[in-house]
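**Student:** The listed protein sequences correspond, in order, to chains Y and R.
Numbering-wise, the numbering used here comes out as the position in the first sequence, counting from 1, plus 32.
Numbering-wise, the numbering used here comes out as the position in the second sequence, counting from 1, plus 32.
Read the hints as simulated data drawn from the structure, not as lab findings.
Mixed in with the good hints there might be a few duds.
One copy or two, it doesn't matter: identical chains are merged, so the pair holds either way.
[To be verified] Restricting the straight-line Cα-Cα distance to at most 27 Å, the calculated cross-link-like pairs of lysine-lysine (DSS-like) are:
#1 Lys43 - Lys237
#2 Lys94 - Lys171
#3 Lys135 - Lys112
#4 Lys269 - Lys171
#5 Lys259 - Lys244
#6 Lys177 - Lys94
#7 Lys135 - Lys43
#8 Lys177 - Lys244
#9 Lys177 - Lys269
#10 Lys265 - Lys94
#11 Lys237 - Lys135
There are 2 protein chains.
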Amino acid sequence: MSLVQTLHFSKDANASEIMAHPDSFRLRYFQIFTLGQTCRDMLAFAGAKWEDTYPSDWMAEKTTTPFECLPILYIRKDNKELMISECTPIEHYLARQLGFLGKNQYEETLIMSFHSSSSSLLSTFGNFVVWNQPEVRDKCYNYFKQSLLTRWITNHEMHLVDNGSNGHYITLADIKTANVIEIFICQPDGNELAIQFQNSPALWKVYETVTKHPLLADWRSCESFKKLEQNTKLCYKDPRAYVRRPRVVAN
Amino acid sequence: MSLVQTLHFSKDANASEIMAHPDSFRLRYFQIFTLGQTCRDMLAFAGAKWEDTYPSDWMAEKTTTPFECLPILYIRKDNKELMISECTPIEHYLARQLGFLGKNQYEETLIMSFHSSSSSLLSTFGNFVVWNQPEVRDKCYNYFKQSLLTRWITNHEMHLVDNGSNGHYITLADIKTANVIEIFICQPDGNELAIQFQNSPALWKVYETVTKHPLLADWRSCESFKKLEQNTKLCYKDPRAYVRRPRVVAN
Chain Y
33 MSLVQTLHFS KDANASEIMA HPDSFRLRYF QIFTLGQTCR DMLAFAGAKW
83 EDTYPSDWMA EKTTTPFECL PILYIRKDNK ELMISECTPI EHYLARQLGF
133 LGKNQYEETL IMSFHSSSSS LLSTFGNFVV WNQPEVRDKC YNYFKQSLLT
183 RWITNHEMHL VDNGSNGHYI TLADIKTANV IEIFICQPDG NELAIQFQNS
233 PALWKVYETV TKHPLLADWR SCESFKKLEQ NTKLCYKDPR AYVRRPRVVA
283 N
Chain R
33 MSLVQTLHFS KDANASEIMA HPDSFRLRYF QIFTLGQTCR DMLAFAGAKW
83 EDTYPSDWMA EKTTTPFECL PILYIRKDNK ELMISECTPI EHYLARQLGF
133 LGKNQYEETL IMSFHSSSSS LLSTFGNFVV WNQPEVRDKC YNYFKQSLLT
183 RWITNHEMHL VDNGSNGHYI TLADIKTANV IEIFICQPDG NELAIQFQNS
233 PALWKVYETV TKHPLLADWR SCESFKKLEQ NTKLCYKDPR AYVRRPRVVA
283 N
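Could you put together the complete structure from these sequences and hints?
**Tutor:** Laid out in structure tokens, this is it:
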């Protein structure tokens with residue numbers, strides 16, 4: 033297999049051809065939910081041929097990635113492997129490729145708007161709470177729960193009611209929203225947050241529609257998923273744990 | 033004109049048709065750079081028919097928007113006006129519509145990757161520095177400058193050198209990157225940051241290529257742009273100022 037360098041983006045003139053007709057995918061992300069789970073769910077749901085891989089020594093690997101961060105997606109076709117980087121473009125590509133992006137431009141834009149709102153909530157949680165200075169983390173978490181999270185729940189509930197409270201159809205937006213809820217349930221006070229989500233029945237229905245879909249429920253029952261969930265639960269207490277500790281490469 | 037409700041998304045069956053063949057645009061955002069400037073630059077560069085509008089009383093207007101936040105873009109065609117929400121989907125739509133999204137799927141994905149890296153830097157700055165608890169803001173700003181900003185500069189410089197240090201061609205990624213640099217130059221220590229950017233000549237060339245392009249230089253010389261710049265400079269000291277103070281609607 034002709035491997036592209038990971039640090040630099042490919043200049044292969046056939047890159048778009050590889051993207052349009054891939055044989056298989058290889059995701060590289062840490063062994064937690066956070067920015068990897070929506071790709072994993074789409075790949076699992078679509079029945080794609082894919083591998084879930086984790087860095088064994090992130091500090092050594094970090095400077096070999098385009099922006100010193102993960103996720104990265106490797107797209108394989110014949111004897112070639114193309115690398116793309118950054119969570120939202122990867123999710124947008126997979127959603128388009130695997131059929132989670134709606135039927136027309138307006139639907140795509142609506143899906144990406146909901147996706148953006150849910151992704152932003154998660155990145156605000158990361159920057160303002162999880163990775164904040166230790167002396168203000170709990171204060172920020174309380175503010176986040178009372179203000180930003182509550183507002184997000186109210187707004188999404190309203191739009192889902194507008195859409196007939198039907199648990200939506202499975203799109204990138206639904207999977208991202210379900211993943212974000214799943215991540216919050218892994219946090220301290222996760223049980224209380226779960227009740228808050230359940231009190232918005234249209235929102236909770238999206239969560240249940242995604243996570244109880246037979247293909248995604250099946251993937252949620254496997255050991256590798258449970259390990260991701262377990263690691264995600266440890267993140268609040270020690271956000272650097274999954275970076276600092278060398279871990280076994282899964283694939 | 034048949035105005036759609038702003039709070040709820042439209043169910044107009046012709047929404048995609050309006051998006052594909054717009055007559056004009058109306059942007060709604062605060063009177064600062066932050067999440068409005070990339071749209072403004074694309075619209076100015078493309079010579080589109082557009083209006084730049086600001087809320088006069090944001091606290092009253094807030095709950096009439098889909099996610100209680102701005103920007104929102106109104107897309108006008110004939111007697112109809114369609115609303116779309118969230119910064120990245122709006123920028124992606126305008127980039128596609130106005131020709132800033134590359135020639136093929138791989139170029140689009142690369143452009144959106146650079147865009148994502150630059151947007152994330154800005155949102156991290158917002159959540160981790162500007163909107164953080166007062167007692168840790170300066171400490172966080174120092175960490176941000178030494179670590180995250182420096183890493184972003186190094187990585188982008190490398191990719192721009194890969195691309196021939198040509199100041200790139202004008203795409204969504206270039207405009208977003210130039211805007212992010214422009215915003216950092218408005219911060220405390222902005223002069224020092226400017227020198228840091230200048231020391232990465234391929235990156236600085238992108239900034240100069242965008243901001244000195246005749247169409248964008250022209251827009252930068254007008255009074256309304258200068259007011260945006262002035263307000264952006266006040267944000268670090270008092271991030272809530274542009275929300276709290278009622279302001280005159282520009283259009």
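**Student:** For each hint given before, does the structure comply? Return the numbers of the non-compliant ones in rising order.
**Tutor:** none
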